[in-house]
Every structure is written in structure tokens, then in C-alpha cells.
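Trainee: One letter stands for each residue in the lines below.
2 protein chains.
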Amino acid sequence: MIEATGGGITAAEGFQAAAVSCGIKAEGPDLALLVADRATSAAAVFTTNLTVAAPVVVSKRHLEQSGGKARAIAVNSGCANACTGDAGMTAAETMAASAAAAVGCPLEHVLVASTGVIGLLLDATRVARGIEAAAPALARDAHAAAARAIMTTDRGPKEAAVRVAGRAGAFVIGGMVKGAGMIEPNMATMLGFLTTDAAVEPPLLRRALSAAVGDTFNAITVDGECSTNDSVFLLASGASGARIDEAAYPHFVEGLRSVCGTLARAIVRGGEGATKLVAVRVSGGRTAEDARRAAKAIANSLLVKTALNGGDPNWGRLVAVAGRAGVAFEPSRGRVRIGPATLFADDTVFAEREPAAAAHLAGDEVELEVDLGTGGGHGATVWTCDLSAQYVRINADYRT
Amino acid sequence: MIEATGGGITAAEGFQAAAVSCGIKAEGPDLALLVADRATSAAAVFTTNLTVAAPVVVSKRHLEQSGGKARAIAVNSGCANACTGDAGMTAAETMAASAAAAVGCPLEHVLVASTGVIGLLLDATRVARGIEAAAPALARDAHAAAARAIMTTDRGPKEAAVRVAGRAGAFVIGGMVKGAGMIEPNMATMLGFLTTDAAVEPPLLRRALSAAVGDTFNAITVDGECSTNDSVFLLASGASGARIDEAAYPHFVEGLRSVCGTLARAIVRGGEGATKLVAVRVSGGRTAEDARRAAKAIANSLLVKTALNGGDPNWGRLVAVAGRAGVAFEPSRGRVRIGPATLFADDTVFAEREPAAAAHLAGDEVELEVDLGTGGGHGATVWTCDLSAQYVRINADYRT
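Residue numbers (numbering that gives the first Met the number 0), protein chains in the order written: chain P, 0 to 399; chain U, 0 to 399.
Among the hints, erroneous ones may be present.
Same chains, same label: a pair holds when it works inside one copy or across any pair of copies.
Derived lysine to any residue pairs resembling SDA-like cross-links, with alpha carbons at most 25 Å apart [unchecked claim]:
#1 K24 to P339
#2 K68 to G325
#3 K59 to A96
#4 K24 to D346
#5 K24 to F349
#6 K24 to P354
#7 K59 to E329
Quick caveat, the hints were computed from the structure, so don't treat them as lab data. Quick caveat, the model's predicted, so the values are computed rather than measured.
Produce the entire structure from the sequences given, and follow the hints as far as they go.
Mentor: So this is what it looks like as C-alpha cells:
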């Protein structure tokens with residue numbers, strides 16, 4: 000049984016958080032510290048961008064050195080510490096060393112993450128002072144403050160947690176994310192932090208995280224961008240006593256996918272300038288990869304996203320994108336559905352159904368489906384948002 | 000010698016045009032007819048979209064049947080006649096038959112093109128009446144009216160012509176295009192019509208068109224979209240007496256590339272909501288395909304295009320896109336230049352040069368360069384425009 004519960008990154012037993020302002024951002028909290036009561040199993044997935052920020056390099060190295068163990072995660076917003084050369088590496092290492100000193104753990108048991116402007120060197124002195132101030136303030140009820148401290152252009156904090164009861168016993172999985180633009184994770188400028196009080200050995204924890212991320216964080220797109228800093232971390236304290244072995248694994252992944260899915264959709268719903276959460280479903284693909292590729296192409300199409308913003312059931316744009324997506328597609332056997340209304344099927348246009356489609360588009364949760372007409376049974380779903388004039392204004396003036 | 004000259008689609012000897020309103024659009028001219036004095040050599044390139052509009056199917060078939068000969072081209076705006084099934088095919092064939100009757104030529108010597116909303120059936124009766132009205136009005140000075148009749152969301156007509164003098168003699172190449180959105184030709188919702196009074200056999204004409212299109216119309220992008228109707232036609236009347244053989248071919252292609260380049264850049268400059276013409280140059284690519292792919296990815300990036308719109312020299316976004324473009328890239332050896340200012344090189348940030356870059360971005364012609372740092376000697380240039388809130392408004396409300 001999986002049920003939603005309150006809280007976020009500290010909903011699982013064995014974790015505390017703190018949030019402070021350390022002066023990286025002009026105002027507001029900009030540093031979050033997550034600390035486990037003792038060393039935990041740890042897994043992470045990182046950006047596939049070839050331009051990799053310094054904190055990603057440091058966190059990867061620490062996870063390798065520790066063999067998948069961690070005690071603390073330090074996160075700052077306001078500065079991505081990417082494209083900052085050797086000085087940026089030193090700053091990220093200093094950040095980790097500050098947390099290790101404050102918590103009293105080996106350096107390699109600290110993971111770090113940064114988000115914000117690229118090309119700006121992280122002020123390690125300010126961060127170190129912030130970590131010093133945060134350590135004594137660690138508390139279980141600081142989860143919401145932590146979720147707020149990692150925000151950049153996010154409209155609000157994003158948290159989720161579930162309680163899972165199964166054969167292995169009861170345990171909790173919780174987490175928080177940030178991300179609003181430069182979002183097409185694989186991973187994108189999103190940071191995700193997850194904790195559980197189940198006991199999971201590092202190899203199984205890595206496997207579970209990869210599985211859950213595939214059809215949640217990696218199936219969303221705001222603007223087709225993939226950033227230099229994207230990371231999702233998962234720590235397992237074991238404090239609940241529930242032990243995840245191969246038999247309990249599917250249930251654990253199900254719980255993890257539930258939390259990741261909720262958080263991933265929260266990112267899209269809160270996408271820069273977004274007014275709608277859009278599920279793009281593709282069916283009838285010759286292969287699963289074809290279906291995924293077509294769904295991504297539709298979800299990233301400017302013409303589709305602007306039509307959604309205008310509430311226009313312009314299905315022709317969906318067909319046009321499917322045709323250029325580089326996948327097997329039989330237009331004359333294809334179908335397009337917007338909400339309850341199939342607008343195009345078997346080369347026939349059902350214009351009289353457009354009002355029903357327009358009514359669906361007037362809501363803030365939208366579903367589109369394109370059947371590629373190949374007779375293949377493969378499908379995929381990608382979540383995205385509409386593209387508004389507000390998105391353009393936010394990103395035209397981001398640094399001013 | 001190649002020099003710009005006045006006029007457009009009728010600048011070359013042997014061609015006349017006419018434009019009328021036939022009631023496809025709510026108002027304004029929406030039908031253009033181009034007629035050669037006699038059958039000419041003809042070549043064309045068409046959309047690579049798997050969703051192919053009826054007029055594209057008909058024009059392809061006619062060119063095959065005629066062995067690369069044509070006498071007339073009929074074009075309507077306001078309706079793409081795409082995704083319209085058998086009825087759409089009949090409408091496109093009726094359109095061609097009307098022109099053949101009006102001009103007095105074999106059916107297969109007529110080419111047709113449509114642009115506008117997808118999924119709307121072309122009213123062949125109105126088009127036929129329009130063609131009947133246009134035929135008696137054919138004139139050499141109607142080129143500007145024709146360029147206006149093929150517009151959809153274009154801000155203005157787009158024409159160009161050059162006079163080429165070489166060993167083969169003197170000849171003219173002229174043309175007109177439409178296109179403002181759904182533009183990433185390969186081909187996109189762009190239509191291009193070119194004429195020359197040089198004498199060129201169909202096989203050589205096809206080769207020349209492919210060569211010229213590759214680094215002009217196929218090197219521009221407004222929004223990364225590729226439409227169902229894109230076509231570029233080239234007719235060669237031979238009326239100048241200049242005969243293009245293998246020896247004269249390079250010079251002919253040079254002239255053709257000049258006209259195509261001018262028209263291609265005019266499309267981007269007039270892109271929906273665009274305020275800047277942007278040349279994206281990529282150097283240091285391991286392969287030419289890598290360079291082209293990185294340039295396209297940068298030119299289509301929402302974050303790059305919105306930063307350009309805001310005049311923000313946010314070079315970090317260029318590095319981030321290069322890193323996710325799926326090409327060989329060495330960030331630590333890469334370079335980013337905006338106008339006169341190199342802002343990032345050898346892992347070093349030159350923040351003090353940002354004012355010079357910002358000043359460059361304040362103009363309406365912008366140049367960006369990213370060196371991929373692989374040591375490879377391959378480069379590519381793609382032209383694009385910025386993305387403004389106006390683009391979103393245009394495309395959110397296109398059909399309303």
C-alpha cells in the first residue's frame with residue numbers, strides 16, 4: 000500500500016534539514032543542508048551535458064570514493080558554479096569540506112549541488128559561513144524551509160512524501176526538487192533530493208533510482224534544455240527497520256516512482272510562465288524509442304506549446320511535428336486526440352468536435368494523444384507545459 | 000560578376016506574374032500565378048516531413064511526368080491543404096487543371112503550392128475562379144503583388160534578384176519567398192519561387208538548386224519546426240541566351256546561392272515576432288555534421304533565443320547547449336564569442352567584456368560563435384532570430 004503523507008525531505012526517519020541565507024542571492028534563503036543521523040546508503044543520477052558543473056564532478060567523485068555512502072548534502076541556489084575552471088572546483092571542494100567539518104564526517108560522505116547562473120564563481124567563504132550557521136539549526140521540521148532555499152525561478156517549493164507498507168515492513172520515501180526553466184532532464188536545471196528510512200544497499204538503491212527516474216524526471220520537459228548541474232540524490236537511512244531485498248524491490252520502486260512522479264509533474268506545472276500541465280501521449284509507435292522521441296518532439300514544439308497557451312485545438316501542428324520527428328509515422332492511419340475529442344483519424348477531419356477540444360484546453364490539466372498509425376504497440380508519455388509570453392519575459396531578463 | 004538588381008520573380012526574361020483575391024483568406028490577395036512564355040526547365044526541393052500536403056504530392060508527380068519541365072506555378076495562401084485526404088488531392092489537382100486550362104499547357108507542366116492552416120480543405124472552386132481572373136492580368140511588373148499574395152503571417156513581401164555576367168554570357172536570377180513561422184526548412188512552412196533566364200538542362204538545374212538550398216534555406220531556423228508544405232521551385236527560361244554547362248555551373252550556383260541567401264535571411268529577419276537577425280557560427284567541430292548540429296541546437300534553444308531578445312550576453316547558455324547537442328565538445332578548450340567580445344576561453348571567464356557584447360546585442364544584426372574545442376577544422380553557420388513574447392502571442396492566437 001502506498002499513501003501520500005505530509006512533509007518532504009525529512010519525512011523519512013533519520014534525517015534533519017536546515018536553511019539559511021548566506022549572501023549568494025541578493026535576498027532570501029540560498030543554502031540548504033540535509034544531514035542524516037549516521038552514514039546512509041546513497042545513489043545519484045547526474046546531467047548528461049558534456050559541460051558539467053564543478054559540484055557534479057565533486058559529488059560523483061565522493062560517491063565513488065565512499066562506495067555509495069553519504070551523511071550530508073549541501074545545496075546552494077543563485078550560482079551554478081559551472082564553467083568556472085579550477086577555481087570553481089576548489090570552491091565546490093571547500094563547500095564539501097565545510098559541511099564535513101560542521102557535521103563531523105569524512106569528506107567523501109558529503110555531496111554538494113549548486114543551481115543558478117552559469118559562469119559565476121561560487122563564493123566559498125560565504126557558503127562556508129552559511130554551513131556553519133546551518134549546522135546548529137538542523138531540525139526535522141525545516142523541510143519546507145530547505146525546499147524554499149533551493150529555489151531559483153521556481154514559483155514555490157516542491158515537496159512530496161509517501162508511506163509504503165508491504166511485506167518488508169513500513170517505510171517512508173520523501174523528497175524535494177527545484178526546477179522551472181532549462182528543464183529537459185536527462186537531467187536538466189533541476190535538482191532533486193530524496194530520502195527513505197528503508198534499508199537499501201547501495202547497488203539496489205542505484206538500480207531503483209535509475210528505474211524511477213526514467214519515466215518521471217526524464218519524461219518531463221519545460222523548454223527542451225538540459226543543464227550543466229542536474230542531479231537527483233537518494234539517501235536511505237534504514238531507520239524504519241524495513242529492509243529492501245530483491246523480493247521487496249518492486250514495491251520500493253513503486254513508492255519511489257510515486258514520489259518522483261509527483262515531484263516531476265510539480266516541476267512542469269511550475270514551469271517558467273506555464274499555465275497548464277500537459278500530458279503528451281504517443282501510441283502506435285513501431286518501437287518504444289520512436290514513441291518517446293515523437294512525444295518529446297511534440298512536447299518541445301514551440302507551435303504546439305503556443306497553441307496550448309492560446310487554448311487553440313490546432314491538431315494540425317501535432318501531425319506536422321509527428322511527421323518531422325524522425326520516427327515511423329503513417330499519417331493516413333494516424334489519429335489525434337485532444338482531451339475527449341478525436342479531431343483527426345483515417346485522413347478525416349472532425350472539425351465539429353473542436354469546441355469539445357477547446358473546452359478541454361481551457362482547463363489547467365491537458366491531455367493530448369497522437370497515434371502514429373504504424374500498427375506497432377509501443378507508447379510513451381511525456382509531461383510538459385505550455386509556452387507563454389511570460390516565459391519569454393522571464394528568460395529575456397533573467398540576469399537583469 | 001554578380002550584382003544585385005531590382006525586381007523579383009519576373010526579373011529574369013520570359014516570366015510574368017499576377018496576383019488576385021479569390022476568397023481563401025478573409026481579406027487581401029491570396030492567389031499568385033507565375034507563367035513562363037514557354038515551357039522551361041524546372042527543378043524543385045520539397046519538405047522532408049512525413050506528413051506531406053496534397054500540393055506537394057501533385058507538384059512532385061508533375062515534375063516526374065514532365066521530366067523536369069514546367070510552364071506555370073499556381074500558389075495560394077490561407078490554406079495549406081494538408082491532412083485533407085482524398086478530397087484535398089482532388090482540390091490540388093483541380094487547381095493545377097485550372098491553371099493548365101488558363102495558360103493552355105499540358106497538366107503536368109503546372110506546379111502548385113499552398114500555405115496556411117493545416118487540416119483545412121482547399122476550396123478548389125474559388126481557386127479556379129481566381130486563376131481565371133489572374134490569367135488575363137499576367138504582367139512582368141506584377142512581381143511585388145505576387146510576393147504579397149503568397150504571404151501568411153509574413154510582415155512584408157520578400158524578393159531578390161541578381162544579374163550574373165560570366166563566360167557563359169549575362170543572365171538574371173530572381174525570386175520570392177514566404178515564411179515567418181514553422182520555419183526550419185528541410186524545408187519548412189516556407190515557399191520559395193526562383194526564376195532565371197539562363198538556359199539550364201533539368202539535371203543540372205536540380206543539382207544547382209540542391210547545392211544552393213543546402214547552405215541557405217536549409218541553414219535557417221525560426222522555431223525548429225518543419226512544415227508539411229515547404230517547397231522551393233526553380234524555373235529556367237533560357238531567354239537570355241546564356242547557356243549553363245559544366246564550365247559555367249559554379250558561377251551559376253554562386254548567383255543562385257546569392258539570391259537564395261538573401262531570401263533565406265529575409266525569412267529569418269521577418270520571423271514571427273523577431274527583432275534580430277542572428278548568425279550562429281560554430282567552429283572547431285570534429286565533423287561538418289557536428290558543427291551543423293551544434294549550430295542548429297544553439298539556434299533553436301529557447302534560452303539562447305530569449306537571452307538574445309533581452310540583449311543579455313548570457314554566454315553560459317551557449318556552452319550549456321553545446322554540451323547537450325550530442326556532438327564532440329571539449330568545454331575546457333572551447334570558446335564563446337558574442338560580436339567582438341570573447342567571453343569564455345580556456346576555462347576562463349572574461350566578465351569585463353560583457354558590456355561590449357551587450358552593445359553588440361543591442362543592434363539588429365547579431366553574430367555568435369562557439370568553438371567546440373576539439374581541434375577539428377569543421378565549421379557551420381545557421382541563421383536564426385530571437386524569440387519574443389510577440390512570437391508567443393502570434394502563435395497562441397493564430398487561428399482566432
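Trainee: When no copy is named, should K59 and E329 be tagged within, between, both, or neither for a Cα gap of at most 25 Å?
Mentor: Only across copies: K59 and E329 sit 19 Å apart there, 44 Å inside one copy, limit 25 Å.
Trainee: Checking K24 and P354: alpha-carbon separation at most 25 Å within a copy, between copies, both or neither?
Mentor: between (47 Å within a copy, 22 Å between copies)
Trainee: Have a look at K59 and A96 and pick one of within, between, both or neither, based on CA distance no larger than 25 Å.
Mentor: within (15 Å within a copy, 67 Å between copies)
Trainee: Since the copies are identical, ignore which copy is meant and state whether K24 and P339 lie within 25 Å (CA to CA) inside a copy, between copies, both or neither.
Mentor: Neither, since 45 Å and 30 Å both go past 25 Å.
Trainee: Indicate which option fits the pair K24, F349 if close means a Cα-Cα distance not exceeding 25 Å: within, between, both or neither.
Mentor: between (52 Å within a copy, 21 Å between copies)
Trainee: Regarding K24 and D346, is the shortest C-alpha distance of 25 Å or less found within a copy, between copies, in both, or in neither?
Mentor: between (55 Å within a copy, 24 Å between copies)
Trainee: I want to check one pair: K68 and G325. Are their C-alpha atoms no more than 25 Å apart within a copy, between two copies, both, or neither?
Mentor: For K68 and G325, neither the intra-copy (42 Å) nor the inter-copy (32 Å) Cα distance is at most 25 Å.
Violated hints, in rising order: 1, 2; the structure is consistent with all others.
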